[in-house]
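Residue numbers (numbering that gives the first Met the number 0), protein chains in the order written: chain A, 0 to 588; chain B, 0 to 119.
I should point out that these hints are in silico values taken from the structure, not numbers from a laboratory. These numbers come from a predicted model, not from an experiment. No residue lacks a Cβ here, since even glycine has one placed at the ideal position from N, Cα and C. Please note that the accuracy of each hint is not assured.
Just a few of them, taken from the derived set where beta-carbon distance is under 7 Å, the chain A residues facing chain B [what the hints assert, rightly or not]:
| # | residue |
| --- | --- |
| 1 | 3 |
| 2 | 5 |
| 3 | 31 |
| 4 | 115 |
Straight line, CA to CA, 20 Å or less: simulated SDA-like cross-link-like pairs of lysine to any residue [claimed, not checked]:
| # | chain 1 | residue 1 | chain 2 | residue 2 |
| --- | --- | --- | --- | --- |
| 5 | A | 585 | A | 359 |
| 6 | A | 585 | A | 66 |
| 7 | A | 190 | B | 62 |
| 8 | A | 190 | B | 92 |
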Amino acid sequence: MNDFVPPHIDWAALSPIIVVLGAGIVGVLVEAFVPARARRTTQLVLSLGGLLGALVAIGLLWDSVQSNVILVVGDSFDLTPFGLAIQGIVVVLAFLSMLVIADRSGGQDAFAPTAAAVPGSRYEEEARRAGLQQTEVFPLALFSTGGMMLFAATDDLIILFVALEVLSLPLYVLSATARRRRLLSQEAAFKYFLLGAFTSALTVFGIALLYGFAGSVHLPVIADALAGRGDSPLAGLHVLAVAGIVLVCVGLLFKVGAAPFHTWTPDVYTGAPTPITGFMAVCTKAAAFGALVRVLFYLGQGFDAATRHEVHVLLWTVAIATMAIGTIVGVVQTDIKRLLAYSSIAHAGFVLVALVAFDEVATSAVLFYLLAYGLATLGAFAVVSLVRERIATDDAGAGGTRDSLILGEATHLAQWAGLGRKAPWLTAAFVLFLLSMAGVPLTAGFVGKFAVFGAAIHAGAWPLALIGGVASAISLFYYVRIIVLMVFTPASDEAGDGVPAAGAGVAGPLGAAGVAEPRGAADVAEPLGAAGVATVTQARPATRAVVTVMTGWGPAAVVVALCAIGVVLLGVVPSWVLDLAAGAAKFVP
Amino acid sequence: MTNPYVPVLVLMAVAAVLALGGVGASAVIGPKRYNRAKLEAYECGIMPTPHAVGGGRLPIKYYLVAMTFIVFDIEVVFLYPWAVNFAYLAAYGLIAALTFLALITVPFVYEWRRGGFDWV
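Next comes chain A alone, as it looks inside the complex (with noise of 0.2 Å):
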């Protein structure tokens, strides 16, 4: 028997990975030794101190990984500028998140006091009259932005398998930890763990086919065999990889929430917490692009013609469908987070556009794209998650104290009309970030939608650039409705008896729910079918749901801050990050 010779481990490569990965099992840690009281605080910094960690590793790797990859655990782990990259997005995006997550505008925060309670049981009404919080959700959103890093930074697809587990499990358990409309929350959770285990065993019999193809998982030795220097007993079988390669693709493409694979998305979004719906949104999609593109690209270097043709014919079809799906399902959306999740589905259409072109323009791209989204989306979400109902009730000030009796988010468009008034600064921000979505010159999604069709139109593929421009233009409809809705038309419950008068003329088919049922104030009251849809009230005849914006300097709005400085700095001086960007665009050096 040979000696065993240990692989070599190159530490400092893995050290932004295993700082927000050891600050999860800290995390754990405080969560079974740190008294209740002092918890929150505690996984606050800690969590926000190892993001900021990891954001300094990768900045001290960046200048080396310019001039060499790193190869890392017996080469199963590279660290090229691309994945490093990746890796920066998802940290400084999941830091934002974090901030979001703490939150607690209204005096509580968007989580349930025991996720795993009965909803409605009384159970959980004693859990939440003592007060209690999960704080496992910091350490939860920590293993999860690990496994993201992990997944664009590796060419191995074994680990790429264990990242996709690694990010998703945490994110099944966090969708299901609605502080509201608990019943919903499940529902999203569960279906996204049908959905998302089942995509995993699509990829994993991928992965099958395609060792079974090249004899290794190692993408670059993949390639080779495709490209006809294989060894493997297998490798003339072509169907067996190009099999292989849907399947893997099919994965990923469900994470990014691609179209035929898109299903969970709305559902998801709208029943998971604000928060974590805004961290999925973002982290998930940046790292899931990461890794498509790293497997896409690496296998592309040994397609012939013929496979080239047909893993075409996919990316094709998947991108026309996605920004079609987006886009025109988008338009008859009535509830805010709904319409953001076809939002994000438009968006993953969009950056598809690039990956057709296999080139370093396009890898760029995507990455300069994924930022620009990324901001604009995560800045839209912390909005939502500040707008709330309130009770309204006739003898006002004579049940407890205000702050109790804010509930949780208004969702319903109809409730969103006039905020402008409410909060002229929060609406601004908001308007920033639909705009920037839309792609109007001056944010950076403009910047960012014209390096995506450009990298297309470089690559021959004008007809699906054409087709992004139409279906930009149709998304701008969408994006100018809302922003009518809440510039120009005055709010619902300052019109009268909570009759929309104004409202509906604008608003459509919007304006007909009126004042919606004050969700949540019994937690569970909403019937589990009734997903997104607000319910005219019956009961209680003498109070009603107001809207109103949480304002005041909380976590949320300093994120929304920081989100529309940067979304209108890449609008307005991109250059730095574009060039940036293009120096990460590198597999090779």
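Given chain A's structure and the hints, the job is docking chain B onto it.
For chain B alone, coordinates are given in the frame of chain A:
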């Protein structure tokens, strides 16, 4: 030259014949003597009680059971191959396995401190 996968195919065919044949044969030649106890949902000799008020859902805190399972069961699954290759992997394997043990102690400690082992 025969395809090396032919034996696998034959094995799958034999397995299918055995499985389907068993079900089919017992349906055809098996004795069928039904009575009331036999037709109950649980054939255990005790009358089933009606559902509990409120749907009968119990908060069993399944996640604690799942964590215990992971800690004690998965731990052994991963330690077993290490034990088999202990001499070959030498110091590297020892350090790796001890790191793994330290990491899996973290959820154990969490569960213990949060009352996961207080069964009564």
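* **Structure versus earlier hints - violations, ascending order** => Hint 8 alone not satisfied by this model.
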